[in-house]
Amino acid sequence: MVVLEDVTKRYEEFSIENLNLTVGKGEFFTLLGGSGCGKSTLLKTISGIESEYRGRIEIDGMDIRGKSTFETGLSMVFQDSLLLPNLNVEDNVAFGLKMKGVAKKERLAKAKETLEELGLSGFEKRHPSDLSGGQKQRVAIARALVMEPKLLLMDEPFSALDEELRGKLQKLLKEIQRKYKSTVLFVTHDRDEAFYLSDKIAIMDNGDIVQTDKPQRLYENPRNEFVARFLGINNIFAGRVSEGVLRDDKLEVEVEGSQGDDLVIAMKAEDMRVVETTAPESESSYYMRGRVVDISFKSGFYHFYLDVEGKRVEVVQNRVDFKVETGLELKISYKKKNIIYIKR
Amino acid sequence: MKKIKILYIVVMILFLLPFGALILESLRPCTWYYVYTDIKTYKAIATTVIVAVATLILNIAIGTPAASVLARREFPGKKIVELIILLPLIIPSFVTSMGIHFTFIKLGLAETFLGVTLIHTVLTLPYYIRSTVVGYGTLGEGYEMMGKIMGASGLKRFFYITLPHIMPSVIAGSSLVIIVSFAQYLNTLIIGGGRIITVPILMFPYISSGDMGAGAVYSFSYITINFLLIFLLEKSVKGIYNKKMSGEKLW
Amino acid sequence: MEKIKRYIYIAPAVIFIGVFFLYGFFQGFLQSFGLYRIVGESSFTLDYYMETIKSKSFWDSLLFTSRMAVVSSTVSLLISVGIIYIIYMNMERKFVKEERFQKIVESPLLVPYLIASYLILILFMQSGTISKLMVALGIIEDYSKFPILTNDRRGIGIMIAYIWKTTPFIVMMAIPVLKRVKSKWDSLAHIFNVGKTRFFFEVALPLMGPSLLMSFFIILAYIFTAFEVPYMLGVTYPKALAVGAYEIYSRGSLDDRPSLMVINMIISFISLGSGVLVYIINKVFVGKNKGAWE
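Protein chains in written order, with the working numbering: chain P, 1 to 344; chain W, 1 to 251; chain B, 1 to 294.
Don't read these hints as lab results, they were simulated from the structure. Quick reminder that beta carbons are idealized off the backbone N, C-alpha and C, glycines included. Worth double-checking, as some hints may not be accurate.
[As the list claims (entries may be wrong)] PhoX-like, lysine-lysine: derived pairs with alpha carbons at most 25 angstroms apart:
#	chain 1	residue 1	chain 2	residue 2
1	B	Lys184	P	Lys9
2	W	Lys3	B	Lys97
3	P	Lys67	P	Lys150
4	W	Lys2	B	Lys184
5	P	Lys125	P	Lys25
6	W	Lys78	B	Lys184
[Unchecked claim] Chain B side only, calculated, beta carbon under 8 angstroms to chain W, not exhaustive:
#	residue
7	Gln27
8	Leu46
9	Met91
10	Val135
11	Leu137
12	Ser183
13	Trp185
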């Protein structure tokens, strides 16, 4: 439904070169990346705010170059709610319709409806200065949705809100998107947010799309080390296979690989377990030996960091049956089938 | 498109008309000669400059410490202090000049340079302080504290850390002080009593009668000096910023 | 020690203004009530206030000054909005060099009111530049046919001078706000297809409202209390309040001082009142909607 073909745009810190992207109708598509990767720029280019670019951008078959947002049927929500302070809530929501020339009665009625969807019934006559950050963003979303756009663009709309609020609004957004089957192009740097909301995620780095896939598949098949690390997979090893064992410096991992292969592998911290050195070993698992150098407890999970032959290995589990202290020698158990092969 | 451009040109011409009239009327070489061979002209210029410079010195001495505190510290009564400093801008100055004139006479300050300087200073302080507060505002305390920790004395800290940073604001405030002091008429007249003759006072009889000779010459000279001052100001402030950007030492 | 340092730094400024400004004002305040006389018995009295309130010339003067101030400020404001509008359109369409246009519009700011009055005088007086030009071009026969615009009863010359001087001030104060508004709200304008002119009148102007309003009251207060322009471009009767005050000061006897101070006090309180208004506007609008201007 949205197609980007060989889009090229030069910017100060980076350049987008020959970028290709496709978003399906009714899809929630997220551009995910750190600051300066070009995701916001790309969004602004699609929206027409940035008009200098080479290549072709289509929305529903129409080339957007030089066209107004009414013609292309797109609407947008920004990080700042940008509500006009001299208008009340319903006038703010109806603002776009007013610009389109819709009659007062009709546009206020539509505004009222949309506000209801966003859980803001009764807020019509209030002023932006009386609203909280979350409420303002909901009004901004209402303002964008009331236009019944073909494509909804969202540029880090929840980044400025606190965590609890963010969660609530994400849930609300997901419900609305599912209900109306809206096509959404979303930009964020928050990994969890992207994973929760999206049907598809494109990870961006330095102006390039590194990998596009369904969230689950991204996690299971990261294309390269950058993506793996971005998704939070920190145990990455590289080396040559010898007798079924990959050797990264002094660290050894049992892998599926042919003799002499050069591999880059990733092992998810959640797929591993720490085991006491005296505990019995199971048949289906393999083991590494290491020494605990750091422990932290985050969001209900233990994060153990061990030094294995000079390499830092992270193990995450939610429960452990024995006392773990720094300096303790432990074994790390892993299963061959959980190893992710990034490069063969 | 071109038609609309005419609108802009018309507006610009309308704004420049008074200047145009001035230029036309001041095209009299004899009058220029007359004005600039008159000793009174030079006496007036000297007087105006002396008063302005003295006013500026007082401003810097009194205003800078005040600005440094107002910009960065809190203390009980700060709002009242800020209000007091703002008052000379709100209350018409001649009200005060007339009110204090008699006291000045008693103190022997009337018709003296000192008296006129004092009244000029009190009228310009708000401008200087406001401008310098902005300069201090961007400085913060961190830099000076760093200097203290590294062992620099108070005076050194001021010259090497503070001063370069606030210089643009100080220059802006100083030019404002000079411009305002130059332009004073009524207050100088009241306190100076006609004995302290600044350029505005010298000019007045000519310009109030619409005299198109000396009046025009004086006005033209005055405006030119004002423009020059502003120009120099912008250049020096820009120069300081550019030097800062390229990391050069300021002195 | 640190705590005291604060007060030591602030003290000179406060004392200086206290002594050389507030004291003068205070003297005037007391003198208006008949106290602190220079000659004669000092006693508290409201007679001078009563006298002034009953004086016809005072009310004529007050009316004249008010009308002059309100009309000048209002016309100035309207013209300013027009100029800000064309500056805005120029930002978009680039008809002329932005910097040059702005510098020219702001040029009157560099001219003190005294000289500004002079320039308007020589331009518009019957034997002035425009008149001479019109005679030279044959539009009028001779200078006596040129309308009386300066030193006239309606104060037209005064108003022209004020408009020439104050419009640049309003524009200068509003342009930074306009720029901030534009940079912040441009994206929104694009997405919701807001036309340039519509953007100006429905988005930018309301957001500039408080700044414009504050400038309006600052100018209103200034014109109300100013001396130089009406002195040079006005007539003997009615006089502007400040001019009337000066005349009493320079020509009246010391006995007239209290009356003079009454007028001074009235002028001062009107000015203070305007200051309070500006402060309130600042608090209410700019404070509440800080987000919109950042």
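Each hint, compared with the structure:
1. B/Lys184 x P/Lys9: The given pair, whose Cα atoms are some 23 angstroms apart, holds under the 25 angstroms limit.
2. W/Lys3 x B/Lys97: Status holds; Cα separation ~16 angstroms.
3. P/Lys67 x P/Lys150: holds, 15 angstroms
4. W/Lys2 x B/Lys184: violated, 30 angstroms
5. P/Lys125 x P/Lys25: violated, 35 angstroms
6. W/Lys78 x B/Lys184: violated, 33 angstroms
7. Gln27: Interface hint status for B/Gln27: holds (4 angstroms vs cutoff 8 angstroms).
8. Leu46: violated, 19 angstroms
9. Met91: violated, 12 angstroms
10. Val135: violated, 14 angstroms
11. Leu137: Given a least distance of 14 angstroms, the restraint on B/Leu137 is violated.
12. Ser183: Since the shortest Cβ distance to chain W is 21 angstroms, the answer is violated.
13. Trp185: violated, 24 angstroms
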